[in-house]
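S.K.: Construct the complete structure from the given sequences, taking the supplied hints into account.
Top line first, the protein sequences correspond to chains A and B.
Oh and the first sequence: position 123 is 123 in the working numbering, straight run, nothing missing.
Oh and the second sequence: position 5 is 5 in the working numbering, straight run, nothing missing.
Hints in this document: simulated from the structure, not taken from any laboratory.
Heads up, a few of these hints could be off.
To be verified - Each computed DSSO-like pair below joins lysine-lysine, with the alpha-carbon atoms no more than 27 Å apart:
1) B/146 with A/504
2) A/513 with A/103
3) B/36 with A/529
4) A/342 with A/275
5) B/257 with A/212
6) B/149 with A/504
7) A/504 with A/387
8) A/529 with B/146
9) B/149 with B/191
10) A/122 with B/123
11) A/504 with B/50
12) A/504 with B/209
Quick caveat, the model's predicted, so the values are computed rather than measured.
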Amino acid sequence: MSKYWLPKTLRSRRGILFTFLTASIATALVVGIVSVPSLVEAKKNKLRTEVHPGELDDYYGFFSGGHSGEVRVLGLPSMRLLKRIAVFNVDTGSGWGITNESKAMMGGMIVGDTHHCHGSYKDGTYDGKYLWVNDKANNRLARIRLDLMETDSIIKIPHVQGTHGTFPQRYPQTDWVVVNSEFRTPVDNEGKGNFEDPSTYGGVHTIVDAHKMEVIAQVIVPCNLDLAGTDYQGKYSFATSYNSEGGATISQMLARDRDWLVVFNWDAIKQALKKGSYKVVDGVKMLDGKPGTGLAIYIPIPKNPHGVNISPDGKYAIASGKVSPTASVIAIDKLADAFAGKIKPKDCIVAEPQIGLGPLHTTFDGRGNAYTSLFIDSQIVKWNIQKAIDLYQHPKEGDTAVVDRLDIHYQVGHTMASMAETKEADGKFLVSLNKISKDRFLNVGPLKPENDQLVDISGKKMRLIEDEPSYVEPHDCIIVRRDLVEPHVLDRAVMDEHPLAVHKNAIERDGNKVTVHLTANAPVYGMQKVEVNEGDEVTFIVTNHDEIPDLSHGFCISEYNINFVVGPFQTKSVTFTADKPGMYWIYCTNFCHALHLEMRLRLLVKAKA
Amino acid sequence: MRTTVGSLLVMLLGAVLEVVPATAVAADAKLVAQGKEVYTAHCVLCHGEKGDGKGLTGIIARYQKHGVVIQLYPRDFTAGMFKFRTTPTGYLPTDADLLKTVTEGILRSGMPSHEDVSLADRKAVIAYIKTFSPRWTEEEPGEPIKIGKVPSYVGTAASVKRGKELYKKVGCFQCHGLSGKGDGPSSATLKDAWGDAILPFDFTSGALKMGSGPVDIYRTFVTGLDGTPMPSYEESLSEKQRWDIVSYCLAVMQQGKPHLAER
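M.R.: Right, dumping it as structure tokens:
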């Protein structure tokens, strides 16, 4: 109920307001205005936490897959796993890492470590087109197109190791994606010269063109850069640094009581690029962002900080202390003065509430509350941002900004509320991505699942709804309203988007190179026999001509270690050397038709004379 | 269309009187018997024992659009109507037409290639398929239409422009939509000759069933697709106008996919 329909004199006078409301409700009850149906209505509007068979979820959850190298799509609130999107990993189920298309993107690497998966934005909320995810292991950035929910681009981030915090521009739309390097590394990492000396290493904030998937520039800084965030005005990006010391050992990294929140000024970066104030290294424009250059400011915050998250109103960047039991609240509207030298970077801090042990990441409900994960305490702590700011200005003995605490199971890393990384944070659900499940599930041996817990945050108190075991290891997720994604998702690909889409079954031979253009159409492939010679380099291009939703075909070549799946109207290809003479059945692995078992063809490899 | 309606009537009468499909047309009863064996081995699962397209696994697609549930069945041979022909609209296809379909199959449908079946068996099954409709005893197949060389102006900007105007003027967009996506104003209301809901083809979606080249598209404009609402433009458009619409269709199909033009 908005207070603005009240007479002006009653606004902000809580006592009077309360009396007035109580009187109104009592009167309403007496005269029968508040009827039984309206109470039923209130109950109906209760948060839906169960999704019955045949019903669909209200949110898409996009979860990173850690060192599995993939990204997962869940439905919320059911927490049902809907899809695993192969990104940096080989997946024999879909054929990712086996097809020519995926191998061209993967560049020979099969290990990936995905941490942060974020969507493309328009005007501060998701536009439902893309996701980006980092690879910490082999230093890459991947883009997933949401119409197909498949990876469509992977690029190498040069000059870095520990490619970690990743965040797209939020306003006016995603043109840039920033990527942090968590490990300081020699820029010219060729094992020559003084590369043992950590003081020569740099941390790098990489700016990627979101459309072209190309590195625009890299900003080198003297510290490491951990998590990333962007503001809601297209002006700044943020990075926590837990190694302001520039140490190479754990004791060196823990030396200082305050490390940094580094803020990058996008206008200054654009100016520097325009003026040519950069060095070109391996074809990449590299800018110097050390203190004093005006490209970045370094806000001293305690201690070995980890996450940085921006409040949905765009006002605050909140960094978590990790080794300090505090969160640091930075007022974004003060940053311009800090860049201009009118105030010191530390003057941008407007609160440092004590919230609990091991604070890592913060998320939001859009009602002024922050929810921070506490790794050591195994808790989610709910605290009020404005109250924390008030108490920072006027400390009051025994008073706290903390509103509620919820025990989770156990050792939470990231936490994310529904739509919390947008201006449309709706304060309904929160996921606690716990690193340890211990005794929460049937024992499955020493390597146990992680535990992603769903929490109802729609009320004053947090309420644990369910536990969901997950395979290694979702670090982070976003929870996106269904209506922002679903209209963009296709049942079938656009056939001719693939330059090799098969319109006619054919075999072409060019010397010892054989190309087979093959359709798949339940329950047959376009040819039932293909003859090649031992030693031929054979390429199969397979287009699924079935337009029925969910009618995918597999393509497995027996004994040749090849399998992939093509969805409706998709084309995929594979190239191999026919080094085993004999007859080999090629068959459909993805159940497609009553005659699925008959959907096969013979590959005849004629032995060398 | 008169022929079509007539043959439907005959078919209906035939069904009422429980007339056994005439086999007189088959010069050689032995050939028909051989064809029946081939049909039972290769075709019956989809096209059905009665040749009505209602075989056990025959439904090609079932989906919902504009609230209409659309089901696609394999060809119903009892009507003697065929989409993919070289003959003018209303005419039966030639044996060569049927042999092409049987041999090559139809893209984007469940109809597979039967190159693995001997030519003699393929010819026999065509003789058998003809026993399902009395049309084959009453009519002769048409003469294949003649398509000359693709004129050099096909694909030029001027031809595309003219084709676009015609596409609107002739009413192609009514069914296929201005962007060729099959979403024109009347797309939700179309019925085929059997009274079933049918969707106009989305020719931006990929391969066309009978080939995606200019001659293939041109042929469809002349023959029409009998049994569907796609008419023949043999009489209502000049040859040049048809080639201009071919230009426009190719441009729509290739939009944003420059690699297609190189084929």
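S.K.: Which earlier hints can't be squared with this structure?
M.R.: Violated hints (numbers, rising): 7, 8, 9, 10, 11; every other hint is consistent with the structure.
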